[in-house]
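Asks: Let the hints inform the model, and build the full structure from the sequences given.
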Amino acid sequence: MIRGLAGALAGYAVGAALVAAIRALTGVDPLAAEPLVVAGFPFALIGWLLGVGVWQAWAREWVGLDARPAAPPGWRRYFAYSTDHKVIGVQYLVTFTVIFLLAGLSALLLRVELAAPGQAILPPATYNQVMSLHGILMIAVAVSVIIAGFGNYLVPLLIGAEDMAFPRLNALSYWLIPPVALLLLTSTVLGGWDSGWTGYAPLSERNRVGQIFFNLSFILVGLSSIIGGLNFLVTIIRLRAPGMTWGRLPIFVWGIFLTSLMSAVFTQSVAVAMLLTLLDRVFGTGFFAAARGGSPLLYENLFWFYSHPAVYVMIIPGWVLALEVLPHFARRALFAYRWAVGGLAGVVALSGVVWIHHMFTSGVPFVFLPVFLATTELISIPTGVIFLSALGTLWLGRLWLRTPMLFAIAVFFNFLIGGITGIFLADVPTDVQLQDTYFVVAHFHYTIVGGEIFGLFAGIYYWFPKITGRMYDERLGQLHFWWMFIAFNLTFFPMFGLGLAGMNRRIADYDAALANTNLFVSIASFALGASFLVFLWNVIVSWTRGPMAQANPWRARTLEWQTSSPPPLENFPVPPTVVAGPYEYGTGRAHAVLGGAAGGDD
Amino acid sequence: MRTNEGAARGPATSVRRHTLAFVVAWLAATALAFWIVSGTEFNPPGGSAEAAIIDEAFRFLALLAVPVFTFVLVGLAYSVVVFRRSGPPGDDPRPLPEPRGVALGWIVVTSALAIFVIVNPGLTGMAALGWFEDRRPDLVVRVEGQQWSWNITYDGYGVTVPKATELVLPRDRRVRFIVTSKDVIHSLWIPAFRVKIDAVPGIETTADATPNRLGSFDADPLYRLQCAELCGTGHARMTARVRVVEQAEFERQMASLRAEAGR
Ligand SMILES: [Cu+2]
Ligand SMILES: [Cu+2]
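Residue numbers (my numbering), protein chains in the order written: chain A, 1 to 602; chain B, 1 to 263.
FYI, nobody ran anything at the bench for these hints, they're computed from the structure.
Take the hints with a grain of salt, since some may be wrong.
[Claimed, not checked] Listed next, with one range per pair, are the computed distances between beta-carbon atoms:
1. A/P370 to B/G90: 54 to 62 Å
2. B/E260 to A/A181: 39 to 47 Å
3. B/V80 to A/T285: 53 to 61 Å
4. B/A259 to A/G352: 39 to 47 Å
5. B/D134 to A/L298: 22 to 30 Å
Quick reminder that beta carbons are idealized off the backbone N, C-alpha and C, glycines included.
Replies: Structure, rendered in structure tokens:
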């Protein structure tokens with residue numbers, strides 16, 4: 001990592017010097033900050049990647065040398081460039097859990113400021129910066145944590161493969177993430193940016209230099225997400241074990257497959273928006289500047305053309321993680337499996353044609369409104385099928401209410417509220433009033449935190465014994481669940497009321513009539529924050545000192561449980577053959593056998 | 001298969017019992033929720049003809065959501081309470097066959113609901129707001145946003161108020177706001193009127209509102225012109241008071257504003 005930083009500095013120096021020289025030769029101020037940063041950045045990135053391990057493990061081959069494995073053994077491999085999908089999965093999970101907690105702390109800062117009307121600790125400019133930072137950090141967590149964390153760790157295991165299709169690309173996509181953290185940190189030191197996670201132009205073309213770090217880091221997250229998406233697509237298409245037909249694919253793998261499709265198709269659009277903003281700022285082009293013939297609405301279109309599908313990139317992994325957990329703890333098949341896959345595909349298909357619902361009051365031509373009202377409401381149909389699958393699986397099951405199961409069930413409670421309130425936002429007449437209010441804030445926290453992040457915790461507890469080889473503490477797990485579940489609802493439910501009562505979002509101050517509810521929300525948010533202390537304690541103590549876990553503590557059928565905890569390098573002692581569906585409990589037939597022989601039993 | 005048929009008779013009656021209990025619980029929860037929802041004022045008192053239409057749409061959607069909400073909620077709660085087992089799983093029961101037609105029926109019902117809300121209150125609401133026809137406004141007010149204040153021009157009165165602290169409007173007149181911005185994107189929002197439209201540099205956007213209740217910011221904080229789109233440091237305080245007066249009083253206000261500007 002030190003080598004990576006050195007590489008980054010060297011690269012930056014080269015890039016910046018190049019630009020300074022060109023500018024000096026053409027007679028413009030050679031030391032203007034923004035061109036230097038923007039031009040130095042790609043060089044710094046290449047320097048970082050080469051230094052951190054790409055050179056050692058990969059690029060040496062390009063100049064005729066032998067590549068050397070860069071990963072040291074033992075726990076140190078988690079801090080080094082590794083191409084093992086399980087190491088990369090853990091790197092992603094831990095990195096994003098840490099970012100999630102930091103972004104949560106920034107939210108608490110906001111809630112301190114909002115606890116009472118007037119100014120408490122954050123002047124308005126600082127408030128906007130903290131709010132923007134909170135937004136983009138959480139967005140980065142939400143688009144990556146499950147798909148890149150659990151996706152990397154589990155997809156090869158669940159399909160019976162040794163690793164991902166492109167292990168080096170996989171490592172590359174992870175090592176693009178630390179520079180994002182570095183960029184956002186640098187931005188904060190330089191005074192941050194104040195245009196939220198949406199970074200709307202032309203505000204983003206007129207504010208302080210911190211903005212360009214936001215744009216650069218968004219492009220990086222996007223690049224990482226496209227590379228990761230392509231890798232999953234190829235892995236799932238090409239590396240399934242013999243007998244793992246599409247109809248026997250665990251629902252989690254289906255979800256990652258369809259999500260990857262969205263990442264690969266839509267992400268370019270937001271990268272373009274970010275890039276054009278940079279060009280406007282640095283080279284004085286006019287893509288989004290009205291005075292130079294540009295269109296601010298073009299930015300919004302490019303932005304939401306990605307960022308609506310992005311909410312499904314966030315939520316589908318949460319849904320399928322919860323759906324993956326339900327059958328194993330209800331001891332029966334996933335209800336309406338084929339329909340659920342169809343439902344996910346339906347959401348993905350519609351996700352590309354609904355983005356204008358973020359722009360109903362933006363001044364787009366009127367003709368768009370009824371059309372996008374309709375497409376948006378139609379998404380509730382495939383979404384409903386996911387609910388049918390969940391309810392049908394629980395119904396008449398034998399529910400073993402362990403921590404992962406509690407979190408998985410809560411996903412559907414929370415998303416029920418998030419989904420139904422979404423109808424009010426999709427219906428144009430009601431949206432006119434609700435757009436840009438706390439009603440929207442409540443709605444998307446119910447879907448993303450209540451849906452995806454609860455799913456994330458279901459996954460963390462479910463696969464904790466598999467990943468760490470040790471068992472977490474069940475009592476602390478359940479305490480964490482109930483604490484987080486209650487505090488989450490107390491924090492976000494009253495926000496619907498705040499929105500209806502006329503509180504708009506992204507404001508550092510509000511009308512005194514809303515003081516009581518805001519104080520309540522602030523107190524609840526601290527209770528929510530405190531629930532993660534239970535989680536951290538449980539994880540740290542259990543990972544270091546917990547009792548050793550069996551290979552299959554949940555008596556689950558799927559492939560990751562048919563190997564040791566944690567699995568060996570390249571996953572299975574002998575390649576598995578799949579002989580039946582993943583959720584056929586009570587049939588006496590196994591999902592897969594190790595080795596090529598068909599048949600066998602539980 | 002033969003043994004399966006014999007064994008299935010026992011579970012079949014218990015399935016019927018659970019289903020019946022679920023339906024009863026769902027109906028009871030739905031009745032209770034209907035009662036709560038119909039007694040709840042979701043929106044604060046409105047101040048325009050449009051507010052009445054939008055609030056009615058909200059109320060209708062809330063009522064429509066009740067049976068859907070309770071169905072899932074009671075389904076989850078019933079399962080957790082009735083089907084829970086205390087210990088780890090023993091031998092797993094034989095799998096139940098998936099009842100045929102459930103998924104298809106579910107999709108038919110949810111599709112019908114989705115199409116219904118697209119039409120009503122979606123399209124009907126937009127029609128009631130007059131968005132599908134070319135209604136003539138009684139008064140045109142041009143509003144220009146800038147960081148962080150509003151410049152207001154009353155068309156036909158020759159009155160422009162830069163950095164306005166107050167927006168005065170006559171009662172029962174359809175007002176058309178023609179909105180733009182000098183610098184970044186802002187958004188014109190008057191919560192009491194349920195009207196919102198972005199102020200975008202380089203283009204003009206429009207929105208109509210018909211105030212139908214006398215009122216002012218001092219009596220009701222929702223009578224305010226508020227920026228609703230993040231626009232920088234002063235965003236939260238980018239507001240102006242709104243006052244709705246009778247037409248005669250409005251004319252007097254315009255005259256005095258004109259006189260002020262002339263001086
Ligand atoms: Cu959306
Ligand atoms: Cu503004």
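Asks: Please go over all the hints and tell whether each is borne out by the structure.
Replies: Okay, the hints, checked on the actual structure:
1. A/P370 to B/G90: 54 to 62 Å: holds (56 Å)
2. B/E260 to A/A181: 39 to 47 Å: Check failed, 55 Å falls outside 39 to 47 Å.
3. B/V80 to A/T285: 53 to 61 Å: Hint holds: Cβ distance 57 Å, inside 53 to 61 Å.
4. B/A259 to A/G352: 39 to 47 Å: violated (57 Å)
5. B/D134 to A/L298: 22 to 30 Å: holds (27 Å)
Taken one by one, the earlier hints fail for this structure at numbers 2 and 4, listed in ascending order.
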